[in-house]
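Visitor: Top to bottom, those sequences are chains A and B.
In this note's numbering, each residue's number is its place in the first sequence (first place is 1) plus 3.
In this note's numbering, each residue's number is its place in the second sequence (first place is 1) plus 22.
You may find that some hints are simply not true.
[To be verified] With the C-beta cut set under 7 Å, the calculated list includes, among others, these residues of chain A facing chain B: (1) Q398; (2) Y401; (3) R403; (4) S404; (5) Q410; (6) R440; (7) A443.
I should point out that these hints are in silico values taken from the structure, not numbers from a laboratory.
Glycine included, C-beta positions come from ideal geometry on N, C-alpha and C.
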Amino acid sequence: MSEARSTKPGAARQATLYRALDGAGAGDGVRTVEELRAAALAAYEHLDLPSWRRSGFWTTSLRDLDVESLQPHHVEADGQVPAVVAEALKGDEPAGLLVQRDATVVHVWLDPELAERGVVLCSLEDAVRDHPELVAEYFMRRLTYDRHKLEAAAGAFWTGGAFLYVPPGLVVERPFQLAYVIDEPGTAQYAHTLAIGGESSDFRLREYDLAGGFEGPALHAGGFELYLEANARCRLAHFQDWGGEGQEVHDVSTHVVRVARDGHCQWIPIHLGGRLTRQHLELSTAEPGADMRHRGIYFTEAEEHLDLFTVDLHEVGPTTGDTVWKGAATGHSRASYEGLIKIRAGAQESHTYLQTHSMMLSPRAKVDAIPSLIVETDSVSASHGGTVGEVDETQVFYMRSRGLSRQDAVRVIVEGYFEPIVVQLGDERLEGLVRERIAAKLARADEDIEAYAAAR
Amino acid sequence: MADLEIRNLHVRTEDREILRGVDLAVNKGEIHALMGPNGSGKSTLANTILGHPAYEITEGEILFRGQPLTEADPEDRAQAGLFLAFQYPAAIPGVSVANFLRMAMNTKREEPIGVKEFGAKLRHATDLLHVDREFTSRHLNDGFSGGEKKRCEILQMAMLEPEVAVLDETDSGLDIDALRTVAEGVNKLHDETGMGALVITHYQRILHYVTPDFVHVMLDGRIVREGGPELVEQLERQGYDWLREELEVLTGAPEEDDV
Ligand SMILES: Nc1ncnc2c1ncn2[C@@H]1O[C@H](COP(=O)(O)OP(=O)(O)OP(=O)(O)O)[C@@H](O)[C@H]1O
Ligand SMILES: [Mg+2]
């Protein structure tokens, strides 16, 4: 585990591939949603499909994606919850549920009692019409549309979308659930979630990205933005599983969270698969006293390609943060995690650290874990570290000498490796779902893991 | 034929030969002590008996109840009734002691063990080892003290009821109470189930509580002397040098490492 520690201004190890949004946003409270769409469309016309390359070793390219052939696919808004969502949420009692299938929001349900108390859960399209003042204030405040063609496409073509507003002071125990489902090949799902937690509100939010069984290419491109006002608290989780053979989902998204004065966000993204995923996750403690806890998991298999960039942005001081990501890779999959801590000039008395761990479970998998740091002020503490490892053969032998098979031993080790993050989801059903999917991935990778051990 | 029989065993790691012709036979119901200076190859023998992949058998064989084990996977050896209490047990943060034990016990059974039966056995074993039940809900060896790890090894032994157990310095680092507890555990299994044991140790201490039927002394990868409990006392008094000297007289010259 390498560890760097810095309290000096200018001490930096520049992110090698990506740059923080660092507060940039297209929404300025002046341009309307339609004007932003038009601007994004203009950008779309001249921008290229993205390709990101890091010093010869790592390339994430969407140049070959036939973006014109992928179209928003509108389905009947029949109120039905798709089977894949029902299965993932089975037994849950949410505070509200919104489901977008392909290009259409097909199901919205909100506890009537919460609606009465001022909670809003509806499609973003409806919010533009019914809550124009809230949308004008927050929409795309921290999202851009002009960094590459797919971001522009999402800005120009988004449909459906999710809008959640939790009014000031309201505490909601049960989670709000949003689900994006793709179940048609050739679909371009341009998604957009806008969520707002009013002052001193306290709630849980889950977003599920699920593929409903199809064969062929598809695209999920979009934005997620959450704004937590002063003293608001949110436990946020993303559950992404586009996996399954033949489901060629490309996911290029940007997720941002802004935490205001004394607010707190615990954010746990879980990435369990997709043909190609390239996500930029940025969590900003933007006002004094803001605090965040960022935990994440990824587990890639087969031919999957995952490229994650997370930013822990400290705009002012004192603010605090704490990031831990754990990943694993089997098959021929590739996973890159780049985690940046950025402490702006003026953010004195900020304290944060970032850790990233990855585990290689196959000789043909590639993982890359790069923590980086930009500190533009003094009187802060920031540290980061990363490990890339393999299954510990001493542990494997110990368990085998008690009668467990190699597969079972490896399963125990990998589950134990992820478990400290899984339990922090604090939601039995979701935890169970994650454990189940991890176990299934390991079962599929059995031969691979065996081959790896033999090769060493 | 003995239950566990080791014949002319030669073992090497990547860089050199460690065991150079070991013969040893352990029957059910017998307690053997194996002593020898640091680095003589005791743990290597223990690990090889359980099939550790780092050790390559270049000559000789290991038989368990007449069946050759030399090629068998560690899990098959465990399921056949062998057990190793490790000198340095690995920590497994992913699983509780109880859940691990349940998994390990189920590998020997057709039907998974019932909740009641498991609970009763576990209670019996925790009583025997003087640990509280909460101990078994901790993650396996994770953050355990040295003494706790050793108790945990014997707890596992009590639950898995092996035919023959190898205890690799289970007595090291234990205070006298822990030592007595561990020794009682071994004796009880020996008396109740007829377990055979190969107790690797540096000290006479444990042998006051667990009385060996046979004592073997290992030096430079060979068993060079065998006897009864009286041998332990002699070693404790005189160390290993006299044995080494005797050997040199016998072989005519100080042994070269034939690397
Ligand atoms: N996996 C290994 N790779 C390389 N060398 C090894 C390995 N295991 C053991 N050895 C070497 O083999 C020799 C015997 O080691 P072993 O651990 O078997 O001794 P021991 O008798 O158990 O010693 P102690 O009393 O200190 O526990 C030592 O020189 C040791 O360094
Ligand atoms: Mg040893």
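Visitor: With reference to the structure, classify each hint as holding or not holding.
Guide: Each hint, compared with the structure:
1. Q398: Because about 5 Å separates Q398(A) from the closest Cβ in chain B, which is inside the 7 Å limit, the hint holds.
2. Y401: 4 Å, holds
3. R403: 4 Å, holds
4. S404: 5 Å, holds
5. Q410: 10 Å, violated
6. R440: 16 Å, violated
7. A443: 17 Å, violated
Checked against the numbered hints above, the structure breaks hints 5, 6, 7 and satisfies the rest.
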